[in-house]
Amino acid sequence: MMAASVDAARGWIRYAFQHGMRSLILDVHLMPVRPRLCGEREDGEGDDEKPAAVLLPDDLPSPARLETMRLSLGGARLRLSSATVKFASLKDLSLERIRIADGGGARLLARLVSAASCPHLQKLRMSRLRFPNFGGEMRLEADALSELWVEDMSMMSLELSTPGLRILHIDDCYLEVLSLSAPRLEQAALFFGQGSGWPLRLFQVDGDLPCLLSLKICMWAYRALDFHCIGEQNDCYTLLLKHCSLRTRLEVTLGGGKNNLSKEHEDVIKDKVPHLPQITSLTVNVSDEFERHDFGAGVASLLTRFTNLRHLSLHLPFFVTLYYDLGEGLDLECDHPDHWASYEISMAHLQEVELTGLTGIDCELWFMEAVIASARRLRKASISFNTECWQHECKMDAFERMLLDEGMRTSCRDKFKLTCLINK
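If you read the sequence shown in UniProt numbering, its first letter stands for residue 1, the second for the next number, and so on.
No lab work stands behind these hints, which were simulated from the structure alone. Heads up, none of these hints are tricks.
In silico EDC-like links for lysine to aspartate or glutamate, alpha-carbon gap of 20 Å or less: (1) 417 <-> 362; (2) 123 <-> 186; (3) 395 <-> 335; (4) 216 <-> 232; (5) 415 <-> 393; (6) 380 <-> 354; (7) 91 <-> 143; (8) 242 <-> 208; (9) 380 <-> 400; (10) 86 <-> 141; (11) 91 <-> 27; (12) 415 <-> 354; (13) 123 <-> 151; (14) 272 <-> 344; (15) 216 <-> 186; (16) 380 <-> 414; (17) 216 <-> 251; (18) 216 <-> 147; (19) 380 <-> 406.
Assemble the whole structure, with the sequences as input and the hints as a guide.
Next up, the structure:
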């Protein structure tokens, strides 16, 4: 069945190339490949059922009219041609669920999608591509490329020379080195494989990023003392933040809760991440690695790095312990010190604050107290509680009284949401 599917895929690719098709969408569904055994190469070497290969032979004609191509091969192997195939009209390319066969791996793939082969390529997506070994190095040179999506891939290094790139999305990738030259970049989302053993160790940015409007990253609040990689990854993100401008909207997913660490751990944000006055809009998504009562110190440490915020959003997850606590009722009282009191948080320029996913515990209220203590320009506060909670009404009353005391008025209130605005 696999051999027949692979033969059919070869035939369709050749047909599309030979007959001047404008679009080729090939989605092959194969039987799942068994998990690799320890020490076994990713290309299937040593496996009697080695996946068949889809070939791009040297004599394959260059498709002069092809504009859109999506190859999703279901884990089949793709053997790239050593000759240069010209895709003169290709604008949109997606390569998904493919094992790159021996014979150059990342280097040949980079050549396939580079300006030399695809001079007009604007959108490129590479998802779940597998190379013969982890040590691959990919250098992508694409002048016309405006969107790049790289998902679930493992390489030693990725070098991007993309002067026209506007959107960059890297998710669940294991890289040691990332080099970026993209002066027109407007949106970036960078989520590297966490806890993989191969965290990002070196991030190089060529020049400033004056056009960057939206940046999404993941940072860690704490690390075990014997695990240095987390701090190095935060350092890489910090380097990128230094290249941001006043227009950049930053979204941070905060991981690294204390519960999963040994007793010996350290804060890898405070005194390690520099102050970032150029950031005026911040969204913090708290990971469910934290618990309801221990997320505060990590968030507080992060907020000390920002002194010029106009907009702040804090989103709490559905914490794992809520599954067990909701039926019997939540413990809303905090038996720990006020996380926020010992941190110097400056919100002098804050105009809007949004809190979501609240459960009604004391430290959520303490957070709002710390925010408004210096937020003399606050114009809008939006608060929403987790809809699975049922003990939160007294805390909603406390939030409302606090905001009314600051000269605000209630604009909207229902069972789970509260919005207050400044009186004009």
